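Chemist: Listed here are the chains, written in short residue letters.
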Amino acid sequence: MIPLQATVIGLVAVGALAVVLTRDLIRLAMASSLYALLLVVLFLVLQAPDVALSELVVGAVGFPLAIVVAISLERKG
Amino acid sequence: MSYLPYALAVWIFVVGLYGVVTSRNLIHLAVCLSVMQSSTYVLLLSIGYLNGATAPIFADVPKGTRAVDPVVQALALTDVVVSVTVLALLLALAIQVQKRTETLDPDELRAMRG
Amino acid sequence: MSRGLRLGLFAVSAAGLTALLLWGVAGLPDFGHYRGPYGFVLNASAPGERHVTNVVAAVVFDYRGFDTLGEEFILFASVMGVALLLRDVRDDPGRRDDAMRSDAVRMVGLGFAAVLLVTGLYVVAHGYLTPGGGFQGGVVVASAFILVYLAGEYRAYRRLTPTAAVDVFEGSGAGGYAVIGVVSLLLGSAFLHNFGPLGTSGTLASGGSIAFLNVASALEVSAAFMLLFTEFLEELSALRPEARS
Numbered sequence: 040m041i042p043l044q045a046t047v048i049g050l051v052a053v054g055a056l057a058v059v060l061t062r063d064l065i066r067l068a069m070a071s072s073l074y075a076l077l078l079v080v081l082f083l084v085l086q087a088p089d090v091a092l093s094e095l096v097v098g099a100v101g102f103p104l105a106i107v108v109a110i111s112l113e114r115k116g
Numbered sequence: 002m003s004y005l006p007y008a009l010a011v012w013i014f015v016v017g018l019y020g021v022v023t024s025r026n027l028i029h030l031a032v033c034l035s036v037m038q039s040s041t042y043v044l045l046l047s048i049g050y051l052n053g054a055t056a057p058i059f060a061d062v063p064k065g066t067r068a069v070d071p072v073v074q075a076l077a078l079t080d081v082v083v084s085v086t087v088l089a090l091l092l093a094l095a096i097q098v099q100k101r102t103e104t105l106d107p108d109e110l111r112a113m114r115g
Numbered sequence: 606m607s608r609g610l611r612l613g614l615f616a617v618s619a620a621g622l623t624a625l626l627l628w629g630v631a632g633l634p635d636f637g638h639y640r641g642p643y644g645f646v647l648n649a650s651a652p653g654e655r656h657v658t659n660v661v662a663a664v665v666f667d668y669r670g671f672d673t674l675g676e677e678f679i680l681f682a683s684v685m686g687v688a689l690l691l692r693d694v695r696d697d698p699g700r701r702d703d704a705m706r707s708d709a710v711r712m713v714g715l716g717f718a719a720v721l722l723v724t725g726l727y728v729v730a731h732g733y734l735t736p737g738g739g740f741q742g743g744v745v746v747a748s749a750f751i752l753v754y755l756a757g758e759y760r761a762y763r764r765l766t767p768t769a770a771v772d773v774f775e776g777s778g779a780g781g782y783a784v785i786g787v788v789s790l791l792l793g794s795a796f797l798h799n800f801g802p803l804g805t806s807g808t809l810a811s812g813g814s815i816a817f818l819n820v821a822s823a824l825e826v827s828a829a830f831m832l833l834f835t836e837f838l839e840e841l842s843a844l845r846p847e848a849r850s
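Chains as they are written, first to last, in this note's numbering: chain A, 40 to 116; chain B, 2 to 115; chain C, 606 to 850.
Since the hints were derived computationally from the structure, they do not count as laboratory data.
These numbers come from a predicted model, not from an experiment.
We put the beta carbon where it would ideally sit given N, CA and C, even for glycine.
Incorrect hints may have been included.
[To be verified] Residues from chain A that face chain C, not an exhaustive set, calculated with beta carbons under 7 Å:
#1 88
#2 89
#3 92
#4 93
#5 96
#6 100
#7 110
#8 112
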């Protein structure tokens, strides 16, 4: 296990904890997007470029949009 | 040390479960559920990993080189796209809950009103 | 049951669950010493059998194509669920005055929307040669349209994505996947078996029916994401009080 893999694994563990402990919703949108980026790096280090591409587009486009729209709907309704 | 990625998958799962149980907001709950889903991607990909091997794409490497397992990558790929649509469905449900009961706190939504 | 009692109960059972999961995971082979036969067999035989260089795409669209059919229909069903939940009777959508005021953002954003569209189509088309494929490229194409909303205004986005057309694309993507499988049945082999000329490895003309399935799934995924976004935004515009005259 090379040190790069161990470092990224540690970062992903911290990132998951950060997403769960974030209570403010706007910060949650940013935190989940950053966690998706850390997962992309982990997938690349594990030699899986297809899965990394999927997680990248989903974490950059799907997640933040869904959460931000849900937040604005919660504020309006 | 060689079980570290598997332990990471277990850690992410339990942390996500903690977030689901102690959540005070349905949107935060849905996001913690997708964190739990991401633990399965980590577990799948680390099962298929081979030391010193490359990605299973033979566009510019000769066809005999050692590569990691492509089957678990195929499973994880569709899993990733499905998780965001599940998140969208859960958020639509949360919006409907808010329209009917004016609150997004799971602790308040105790009894089912007819 | 009070919250403190619930948390205590969760702590105890989470400790038990963690112990059980760690014990179960310890029985797996060591990290990096993958043993199973299927990975080695596929890596050795897929480039020769199907003439594609991206073995993961061959697995997704050919060897395990049936699972991808199920996944397409999961997407389809969840978009239908969101439409059902949010597309109830709404009155007249009303004018929304949400055009982006900053010229710099408009210009850069709308310029990049074209670049994103071409990049998405490239990722879709070369899906079975290099990392990419229908799913990744489909989401990139959908994000090109969403960028028009973010950098411009809602009415421009709606004019680009009329619901009738996007519905047709999504249905034809999901149904087209099943139809290609049936074509393979009509040709005398199994459902979703590869058919068509296999071509030369490394060029766009390779893989047989993998190319068609790639396009069908890209169509379906991009239309599904656009529909999801449209449903959420329509709901937002219907709730806005200053939008009604």
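Chemist: All hints are to be evaluated individually against the structure, with a verdict given for each.
Modeler: The hints, checked one at a time:
Taking 7 Å as the C-beta contact cut-off toward chain C, the hint placing residue 88 of chain A at the interface holds, the least distance being around 4 Å. Below 7 Å, beta-carbon pairs count as interface contacts, and residue 89 of chain A has one with chain C at about 5 Å; its hint therefore holds. Checking residue 92 of chain A against chain C: minimum C-beta separation of about 4 Å stays under 7 Å; hint holds. At about 5 Å, the closest approach between the beta carbon of residue 93 of chain A and any beta carbon in chain C falls short of 7 Å, and the interface hint on this residue holds.
A least Cβ separation of about 4 Å between residue 96 of chain A and chain C falls short of the 7 Å threshold, and the interface hint therefore holds. A distance limit of 7 Å between C-beta atoms decides the matter here; for residue 100 of chain A the minimum to chain C is near 4 Å, and the interface restraint holds. Below 7 Å, beta-carbon pairs count as interface contacts, and residue 110 of chain A has none with chain C, the closest being about 11 Å; its hint is therefore violated. Hint on residue 112 of chain A holds. Least Cβ distance to chain C is approximately 6 Å, under the 7 Å limit.
Violated hint: 7 only; the structure is consistent with all others.
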